[in-house]
Amino acid sequence: MANYDVFKVDGSKAGSVELSDAVFAIEPNNEVLFEAINLQRASLRQGTHAVKNRSAVRGGGRKPWRQKGTGRARQGTIRAPQWRGGGVVFGPTPRSYAYKMPKKMRRLALRSAISYKVKENEFKIVDSFNLEAPETKEFKTTLTNLELPKKVLVVTVGEDVNVELSARNIPGVQITTPEGLNVLDLTHADSVLITQEAAKKVEEVLG
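Per the working numbering, the sequence shown runs over residues 1 to 207.
Here are the simulated PhoX-like cross-link-like pairs (lysine-lysine), alpha carbons at most 20 Å apart as the crow flies: (1) 140 / 124; (2) 200 / 124; (3) 151 / 119; (4) 201 / 103; (5) 124 / 150; (6) 124 / 201; (7) 13 / 140; (8) 119 / 200.
Here are the simulated distance ranges between beta carbons: (9) 13 / 150: 20 to 26 Å; (10) 141 / 51: 50 to 56 Å; (11) 91 / 31: 32 to 38 Å; (12) 177 / 11: 22 to 28 Å.
Just so you know, these hints were derived from the structure itself, not from any lab. Keep in mind that this is a model prediction, so the values were computed, not measured. Where a beta carbon is used, it is the ideal one built from N, C-alpha and C, also for glycine.
Whenever a hint applies, use it, and build me the whole structure from the sequences.
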């Protein structure tokens, strides 16, 4: 267990919170992290690529010439692959690129990504946002006060509508929950801003 600073929205220190080293301070496993990123990127692929084979190309139902007696090679259809305008052989077909990864490996990858952010000082804990209404200007001021870069992943417990509406017009800011936390979002962000309650929830889920 280690103590981490907790900040207020104005940038001042609010106190500290004790979090598990097993979640926030492990030695990142780069191989598992790399595999988890590839898995997630593969699952995002549409896989709608397709070409027409000889049965899908329009036309070619009639035999172009009789089998024997012409002196030419026998042909059954003008849509065979050797013909101009014919079907494609062994071309791409629609498929899913998604594959599975053991649960323990997925959790290890997530802990590795979080620990990497903590190790690189790209992880800040805020006590709470306390937004009474959606206010983009106020939320942007909070990010400035906390000296955060442009690409920020904000983690809150539950669906905080005021935070979501306040942040959605700010380029580079993404909102998620402890349950929706994933390695692709974590590694893509320059910094992670998480509420104290959300940090405890992450510890509970991954600990």
